[in-house]
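Assemble the whole structure, with the sequences as input and the hints as a guide.
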Amino acid sequence: MTYIKPKFRHPDLPKNAVGFTKTDYEGVISTLCAGCGHDSISGSIVQACYEMSIEPHRVAKLSGIGCSSKTPNYFLNNSHGFNSVHGRMPSVATGANMANRDLIYLGVSGDGDTASIGMGQFVHAIRRNLNMLYIVMNNGCYGLTKGQDSATADAGSVSKSGSVNPFEGIDLVGMALELGATFVARSFSGDKTQLVPLIKAALSHNGFALIDVLSPCVTFNNNVGSTKSYDYVRDHIEALAEIGYVPEKEEITVSYDRGSSVDVELHDGSSVQLHKLADGWDPRDRQAAMSRLQQAKAEGEILTGLVYVDPESKDLHEIIKSDKRPLNSLKEEDLCPGAGVLAMINDEFR
Amino acid sequence: MRNLTGVNDLVVRFANVNGTGSASANNMFAMSIFRMGIPMTAKNIFPSNIQGLPTWYEVRVSEKGYLGRREGVDIMLCVNPQSMKQDVASVKPGGYFLYDNTKNLHKDFIREDVNYIGIPMIGICMRLYSDARQRQLFKNMIYVGALAALLDIELEVVKGIIADEFKKKPKLIEPNVQAMMAGVNYIKENYEHPLGLRVERRDLVGDAIVIDGNTACGIGAVYAGATVAGWYPITPSTSLVEAFAKYSNRLRVDPETGLKKVAIVQAEDELAAFGMVLGANWNGARAFTATSGPGLSLMNEFLGLAYFAEIPAVLVDVQRGGPSTGMPTRTQQSDLLLAAYASHGDTKHVLLIPSNPSECFDFMADAFDLAERLQTPIIVMTDLDLGMNEHLSAPLKWDDARRYDRGKVYTAEDLDALSAMGKQFGRYLDVDGDGIPYRTLPATHPTKGSFFTRGTSHDEYARYTEDGVKNAQVLDRLSKKWDTAKEILPLPEFYQTQNESNIGMIFFGTTTYAALEAIDLLKQEEGITLDAMRATAFPFHASVEEFIEAHDQVFVVEQNRDAQFRTLLINELEINPKKLIKILNYDGMPITADAIRNGIAKHLEAIKL
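Order-wise, the sequence lines are chains X and L. So the first sequence is numbered by the numbering used here: it starts at 1 and just counts up by one. So the second sequence is numbered by the numbering used here: it starts at 1 and just counts up by one.
Quick caveat, the hints were computed from the structure, so don't treat them as lab data. Each residue gets a CB set at the ideal place from its N, CA and C atoms; glycine is no exception. Mixed in with the good hints, there may be bad ones.
Stretch-level coverage of chain L by chain X, calculated; a stretch enters the list once three of its residues show a Cβ under 8 Å from a Cβ in chain X [unchecked claim]: (1) 209-220; (2) 388-397.
Partial list, derived from the structure: chain X residues whose beta carbon lies under 7 Å from chain L [what the hints assert, rightly or not]: (3) N206; (4) A298; (5) G300.
Here are the in silico distance ranges between beta carbons for each label pair [to be verified]: (6) L:H193 x X:I319: 57 to 63 Å; (7) X:D282 x L:K171: 54 to 60 Å; (8) X:G35 x L:S297: 38 to 44 Å; (9) L:G468 x X:L179: 43 to 49 Å; (10) L:G468 x X:E265: 52 to 58 Å; (11) L:E256 x X:E265: 27 to 33 Å; (12) L:E487 x X:E348: 33 to 39 Å; (13) X:H267 x L:E256: 20 to 26 Å.
What follows is the structure, given as structure tokens:
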């Protein structure tokens with residue numbers, strides 16, 4: 001096995017609308033275990049960003065600590081990355097976004113990072129509708145410390161060492177819905193067909209977009225009895241809809257049956273196209289989404305797809321009415337009131 | 001009984017019930033002294049409570065310009081029966097006790113050596129006002145009027161202050177003047193006035209202003225170009241970010257669109273507040289937060305990350321009484337060691353220590369420049385006394401020619417030029433030999449200049465490494481940067497008389513007021529001359545060590561139990577501990593000149609024996 005990525009690239013690799021090849025969206029070679037679901041998610045991020053013709057340097061990729069949080073190193077080499085501290089990525093992303101609303105913020109976190117130490121920050125990023133894509137690479141266990149249960153591990157799930165998890169697992173999707181998140185999805189790392197369009201739609205969403213991606217840990221949580229193993233997830237998966245992402249100002253070429261689909265237009269003019277599989281499914285109905293999620297849980301299904309989206313969502317900057325220009329671009333003349341105004345301020349204190 | 005007498009040298013203390021609207025009346029009294037051109041200092045002594053408990057407000061009037069707290073109360077204005085026993089006890093012999101004599105004073109509160117001045121405040125209010133709230137509020141104005149008559153305060157000055165106070169509610173001006181005059185008239189009809197202890201117009205305040213340090217810091221952050229604040233409310237720092245928000249809303253809003261050139265978010269906790277600050281600074285905005293001891297404890301983890309990943313940040317620590325939750329509404333200087341060495345590993349941080357409001361403003365502006373220049377957190381250390389109490393201060397000054405120092409940031413052109421020279425950008429390369437590397441901001445260049453910010457060990461190109469040698473190289477460069485910092489931080493201030501003395505004194509922050517007065521007291525009353533130095537920053541400039549070396553003994557004055565500043569001196573400068581003598585105060589009240597004078601005099605007397 002080599003950790004050196006060959007630099008040679010075929011000169012005729014296709015380029016996207018902004019002149020980059022898919023390899024321009026890659027990162028350094030992964031140091032995760034061979035077969036790790038997280039690497040598949042990295043691959044989906046690469047594909048989505050390439051296909052959306054995002055300029056890599058316009059993306060800020062941020063993470064906390066853990067296996068999942070290592071992955072920003074494995075995609076988008078020309079993006080600035082920020083590997084913060086355990087569970088605190090949302091606040092760093094919030095500050096970064098406050099400084100420059102024009103960039104694309106992609107946060108990557110794990111179930112340990114999000115559902116335990118980072119729960120407070122995760123919850124409040126949702127509450128503020130921070131304009132970011134928040135991907136949870138959810139494997140129900142702590143990989144870097146060799147397989148302890150995480151807070152998303154299901155009650156009754158058996159770990160590799162044979163112990164049975166006695167506590168209820170936290171369902172991040174249900175929680176996000178309850179908290180008022182404006183884009184909520186769940187997917188499976190092994191299902192690129194579903195995950196790539198979801199990532200594209202989430203990146204186009206104006207506000208907080210959560211994608212909880214079940215990503216089995218091949219080393220510590222892929223055993224019989226685990227409810228986050230590849231086999232278990234494949235056997236219990238229930239997709240809400242077949243998803244197509246339609247970019248802004250591009251002719252719709254995907255063929256579909258109008259009678260059985262719904263288009264959800266996102267803030268930038270692009271849309272998510274959902275081919276209805278579930279009866280009466282409308283991803284704009286939060287109550288229905290919550291109820292469907294509960295139903296799936298009761299039936300032992302793992303519901304995947306776009307669970308909820310609010311196309312009218314207003315992000316943090318719109319809520320706090322901050323300048324449309326990136327705040328980090330403002331100069332002295334925009335910001336400093338000057339000595340004359342200070343003289344008047346002084347007068348108020350006499 | 002010999003009554004206290006004198007002009008422009010007194011302490012007046014108000015004993016109120018928290019939440020009864022006394023604060024603005026008490027402040028009007030203090031401002032009337034200021035507007036008569038006499039130096040004064042005012043302090044709130046308040047409980048950690050919203051309503052109902054005893055609260056005090058103390059005004060010291062000092063023609064000599066002493067702005068520290070002075071022990072002993074000359075005039076006590078007591079309208080709180082709950083605290084009356086201790087209030088009566090705190091009056092100096094020959095002093096004056098003003099109280100509401102609508103009801104008779106209980107014999108337990110009678111002292112033979114104190115003058116009692118009864119004013120039927122409730123009685124007057126019952127007669128003049130029918131509304132209960134009015135009765136309560138105007139009672140405060142009645143005692144302001146009574147004090148004005150007793151101390152010979154110019155009534156036109158008080159009326160002017162009332163007019164300013166109610167500029168936006170002009171209907172309230174007349175009733176307040178009426179209440180004030182009811183107090184004046186009662187004194188004129190029933191007591192000899194003015195007292196032997198009184199005030200007299202002077203011209204000693206020049207162009208000074210009266211402002212609290214938190215407000216000055218908040219305005220400083222506006223002028224420094226801060227655009228992002230993440231914060232979490234905590235006494236006594238809350239009003240700092242509130243001031244920043246207030247002045248930003250006033251000065252940084254587009255009148256047409258209503259959009260703000262600032263983003264302020266109240267975080268879920270102090271951890272998140274500082275995370276926001278780091279994210280914003282990493283992304284090229286000037287961002288800050290303000291907190292106090294418990295918040296600083298929570299921010300430790302991020303402070304370590306910021307130090308190691310070299311992210312600029314500005315943090316104001318308005319210190320309160322510790323340890324733990326401690327005394328939230330009392331003052332101390334007891335976060336020094338925590339701030340200086342916050343977080344695990346070999347981590348240390350630059351501290352700026354202002355001593356007065358105008359310096360709060362200046363140091364905030366400096367803090368943002370220094371944070372970006374040094375690419376590290378800058379912690380501005382103030383305390384409750386400076387932050388929440390109003391101080392007589394030089395006016396805030398700004399030079400319009402001043403430009404923000406954004407530090408070493410490569411632009412896209414710089415990166416192209418670097419590349420044309422065959423050089424590679426390395427986030428942590430020491431290009432200039434001063435330990436400070438160059439950074440790039442996200443989205444600077446499509447293919448050059450990106451790097452990974454991380455708290456894990458990294459090489460000069462920001463790549464993860466477990467190579468111990470490379471990690472040590474980064475740590476050594478950070479030490480070099482620390483040495484660079486020493487040269488560019490605000491210089492200490494020296495008060496020396498041609499090196500006449502072999503005794504030195506070091507102080508910093510709000511201890512300065514009392515320390516300067518103590519120097520005078522020592523000279524005039526004890527015949528002791530000493531040299532002094534006011535520290536303004538950590539790490540220490542070379543002149544700090546030189547000052548200590550030039551004196552046989554150095555007193556270090558500070559407001560904490562463990563002599564934390566002394567520890568910093570010993571630790572960083574490798575000074576013999578025996579040379580540094582502790583003068584400490586940690587009762588939560590600002591240290592007094594008497595305490596310093598007595599401490600030093602006692603020590604010197606003891607070693608003579």
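So, going through the hints one by one against the coordinates:
1. 209-220: Holds, because 4 residues of the region 209-220 of chain L bring their Cβ atoms closer than 8 Å to Cβ atoms of chain X.
2. 388-397: holds (count 3)
3. N206: violated (17 Å)
4. A298: violated (32 Å)
5. G300: Where the cut-off is 7 Å and the nearest Cβ of chain L is about 34 Å from X:G300, the hint is violated.
6. L:H193 x X:I319: 57 to 63 Å: holds (58 Å)
7. X:D282 x L:K171: 54 to 60 Å: Holds, at about 57 Å.
8. X:G35 x L:S297: 38 to 44 Å: holds (42 Å)
9. L:G468 x X:L179: 43 to 49 Å: holds (44 Å)
10. L:G468 x X:E265: 52 to 58 Å: holds (55 Å)
11. L:E256 x X:E265: 27 to 33 Å: holds (29 Å)
12. L:E487 x X:E348: 33 to 39 Å: Distance hint for L:E487, X:E348 holds at roughly 37 Å.
13. X:H267 x L:E256: 20 to 26 Å: For X:H267 and L:E256 the Cβ distance comes to about 24 Å; the hint holds.
Hints 3, 4, 5, counting from the list given before, are not met by this structure.
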